[in-house]
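Protein sequences, first through last, are from chains A and B.
The opening position of the first sequence corresponds to residue 1 in the working numbering, with each subsequent residue numbered one higher.
The opening position of the second sequence corresponds to residue 1 in the working numbering, with each subsequent residue numbered one higher.
Any given hint could be a false lead.
Stated by the list, open to error - Listed below are the simulated EDC-like cross-link pairs for lysine to aspartate or glutamate, each with C-alpha atoms no more than 16 Å apart in a straight line: (1) Lys-149(A) to Asp-106(A); (2) Lys-55(B) to Glu-158(A); (3) Lys-75(B) to Asp-85(B); (4) Lys-134(B) to Glu-158(A); (5) Lys-134(B) to Glu-40(A); (6) Lys-149(A) to Asp-187(A); (7) Lys-180(A) to Asp-56(B); (8) Lys-44(B) to Glu-68(B); (9) Lys-39(B) to Asp-193(B); (10) Lys-152(A) to Asp-119(A).
What the hints contain is simulated information worked out from the structure, not anything from laboratory work.
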Amino acid sequence: MEYALADLCKRGLPSLPAIFLVLLTGCAQIPLGAPAPSFENIEKARASRSAPVAVGQFQISPGVSADIDKGLNVRSNTVQSPIDGSFAQYLRQTVITDLQASGLYDAASPATLTGFLTDSSLDVPADTGRAALGARFVLIRAGKTVYEKELKTGATWESSFIGVTAIPAGINQYTTLYHKLVGMLLDDPDYRSANPK
Amino acid sequence: MNKLLGLLASGLLALNLTGCASVYVDTATKEIPVSAYKKPASPKPVQLVFEFQTKDVANATATKYLSEQVVDQIKGSGLFLEVKDAPVAGGALLNVVLNNVPLTDDAFGKGFVTGLTFGLAGSQVTDGYICTVKYLPTAQSPTISKTARHAIHTVIGAKEEPANGTKMENVEMAVRAMTRQIVSTALNDLSRDPGFQ
């Protein structure tokens, strides 16, 4: 059966045409999808032989513009975190999600992992898209810092001229960096040795 | 912003831009009833991780959109004693990835899906889907991997209908039907692997 955008509204998908109006006109606020566990990170966690940790505060790193925590401008649209409007909190939730799925999250652990967002960017032009994410992770056990390191990751991809294709693709690339960053932490030999099981 | 945003990354975008389109689920991959699965003598609990990808990149929005359906389908498969999102006794882990890939005539030449219909020049866009199921019976055991393929055809305007397509009322119904059929196919293959029993 053929249908038009107006029909979609009547069928209970009211936001579908709204998306395209928004993407065509710009100026939308687009939230990231909620973090879901990463199979790759579960495998990394299993191999890490590291101990469960509690997850403490995550915040913007001192000296870094607070703007990078609040939103990303993508072709006149604003990409935001669904968690307190903060990408630092989105990273915290991604860490918790992956650690919980791996059996390595324990709110009562004597070791607490905290994080400081140092970089967050997403650029979706009509040729090559670029995204970057960075954070300094700090693991404290019994009041003593046993691990502290800044980790950075990024991605480049072929970006479409057409916004309705390029924007979702850019958001997916950017969102994937959160799991990549957590994976880098779990892979880091210094983290593993600082937090043995 | 929208449950379907994450899904509409390639061919399905076309219908929204034109405002008039019909959606067909390819008939080559059919739903396999639960009764056809080869049930294990002693089903084990399993931790399930589901991820939707767009062109090999995780799509958090689409993952959340389809997660409940996939979880319910696997719970109802009878292949597992219990399906959880956290680690289970025994360490069994099931990873289900549904990857939306662009299809071209070249893909047809490579036999992406046997019987897949192409050839409606200028009026049809086809989205391919690859479902990969990885099962680890224990943390130490080798991975059992199964793959199934499917497609959704979008025909713009009053053009000829694809021969191997079942017309769906809307995009959401097409995506949900495709997901149910492709996951059932992969689960059936998994159930028949000697390593699964």
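Now the hints, each set against the structure:
no., hint, verdict
1, Lys-149(A) to Asp-106(A), "violated (22 Å)"
2, Lys-55(B) to Glu-158(A), "holds (12 Å)"
3, Lys-75(B) to Asp-85(B), "holds (12 Å)"
4, Lys-134(B) to Glu-158(A), "violated (29 Å)"
5, Lys-134(B) to Glu-40(A), "holds (12 Å)"
6, Lys-149(A) to Asp-187(A), "holds (13 Å)"
7, Lys-180(A) to Asp-56(B), "holds (14 Å)"
8, Lys-44(B) to Glu-68(B), "violated (21 Å)"
9, Lys-39(B) to Asp-193(B), "holds (11 Å)"
10, Lys-152(A) to Asp-119(A), "holds (8 Å)"
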